[in-house]
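Using my numbering, the first residue of the sequence shown is number 6, and each one after it goes up by one.
Treat the hints with caution; some may be incorrect.
[What the hints assert, rightly or not] Only pairs whose alpha carbons sit at most 30 Å apart, straight line, appear in this in silico DSS-like list of lysine-lysine:
hint: 1; residue 1: Lys197; residue 2: Lys333
hint: 2; residue 1: Lys304; residue 2: Lys376
hint: 3; residue 1: Lys336; residue 2: Lys304
Hints listed in this document are in silico derivations from the structure and should not be mistaken for laboratory results. All figures in this text were calculated on a predicted structure; none of them were measured in a lab.
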Amino acid sequence: MNLTGNWNYPTSIRFGVGRIAELAEVCRSQGIERPLLVTDSGLARAPITTAALEAMRAAGLGVALFCDLKPNPVEANLAGGLEAWRTGKHDGVVAFGGGSGLDMGKLIAFMSGQTRPVWDFEDIGDYWTRADDSHIAPVIAVPTTAGTGSEVGRAAVIIDERTHTKRIIFHPKMMPRVVISDPALTVGMPAKVTAGTGMDAFAHCLESYCAPGFHPMADGIAVEGMRLVANALVRAVHTPSDLEARAQMLAAAAMGATAFQKGLGGMHALSHPVGALYDTHHGMTNATFMPYVLQFNRKAIEERITRLAAYLRLPSPGFDSFLAFVLKLRKDIGVPHTLFELGVDDRQADLIADMAIVDPSAGGNPLPLTKEGVAHIFDAAFHGRL
Numbered sequence: 006m007n008l009t010g011n012w013n014y015p016t017s018i019r020f021g022v023g024r025i026a027e028l029a030e031v032c033r034s035q036g037i038e039r040p041l042l043v044t045d046s047g048l049a050r051a052p053i054t055t056a057a058l059e060a061m062r063a064a065g066l067g068v069a070l071f072c073d074l075k076p077n078p079v080e081a082n083l084a085g086g087l088e089a090w091r092t093g094k095h096d097g098v099v100a101f102g103g104g105s106g107l108d109m110g111k112l113i114a115f116m117s118g119q120t121r122p123v124w125d126f127e128d129i130g131d132y133w134t135r136a137d138d139s140h141i142a143p144v145i146a147v148p149t150t151a152g153t154g155s156e157v158g159r160a161a162v163i164i165d166e167r168t169h170t171k172r173i174i175f176h177p178k179m180m181p182r183v184v185i186s187d188p189a190l191t192v193g194m195p196a197k198v199t200a201g202t203g204m205d206a207f208a209h210c211l212e213s214y215c216a217p218g219f220h221p222m223a224d225g226i227a228v229e230g231m232r233l234v235a236n237a238l239v240r241a242v243h244t245p246s247d248l249e250a251r252a253q254m255l256a257a258a259a260m261g262a263t264a265f266q267k268g269l270g271g272m273h274a275l276s277h278p279v280g281a282l283y284d285t286h287h288g289m290t291n292a293t294f295m296p297y298v299l300q301f302n303r304k305a306i307e308e309r310i311t312r313l314a315a316y317l318r319l320p321s322p323g324f325d326s327f328l329a330f331v332l333k334l335r336k337d338i339g340v341p342h343t344l345f346e347l348g349v350d351d352r353q354a355d356l357i358a359d360m361a362i363v364d365p366s367a368g369g370n371p372l373p374l375t376k377e378g379v380a381h382i383f384d385a386a387f388h389g390r391l
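Produce the entire structure from the sequences given, and follow the hints as far as they go.
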């Protein structure tokens, strides 16, 4: 199968092995001559990053690197990025990496022309209209993990350390101008990161598919995204050099982020506060909660899941068959079965329940998320009760 293509859906995506070679040309096509490459500190010295920087410099671009990011970025990281932007007199951003690099790159480009605090643009109501959209810098996104799909998204996540909450900053023009999706860039991911990010992509597809409301385009993208994950994730984890599996996972990640415009749900509503309080990996946290949220929502999603099981060609179409598939997938790639195994204690369970029911993702859950219901899910996930 030819796994190369140019897609517009609506983001312009250059997909295929080796397409990172087009980065300098893509920057110039968007009027960027002095890009700020934003990535996390762990990726900053990786060969794929240094090669990208060298290629842009060889092409005559005045590129600089900013990499002072936490895995779950905070406001101080944004302030540092904006200082680097101003000092270097940059005119665009190359957001390079996983969720933290992509989100922070988008935030720096967005905030570079704003005068209000970043929290004024939280994804609440019409807060996005407060922004001066004539001063949002262009972004080129280069994902190096296959999970968040932030490369095709119009929002970014940042932790508010004052309240220990993950907050979503949104603006339609935060969407990157062009994405370079090169599966070869994901080959070097450790197995644990491949597993966690892959399950994040699966969670995006699954929750958007189960979210109430009429959005058949999102549903169609979501079910095919899940088929790709079912086909490729175990291979990508255990055979890292399998470029076909890497390509399918990279596509599934973008599909999940496209689909979840329909909504998310309890997995994300719970994983956001847990990640903010315990600094757990977002995708692994979603994966740990996954079967318990499915079981909680069963009566509202059973018919949908039966159709999904048939599409995935599971041994028998039905909720139990799909749940067994999820449990086996988790086991095959090393996802913790309980929150305790993830490194989360139950001392802040009450606070997590309070935070989850007001999380923006909670509204997309198939059943209303009450504090009592969230507490039940947390307890089940902590003790491993299905």
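Hint check:
1. Lys197 x Lys333: 16 Å, holds
2. Lys304 x Lys376: The given pair, whose Cα atoms are some 19 Å apart, holds under the 30 Å limit.
3. Lys336 x Lys304: 25 Å, holds
Against the hints set out earlier in the document, no violation occurs for any number.
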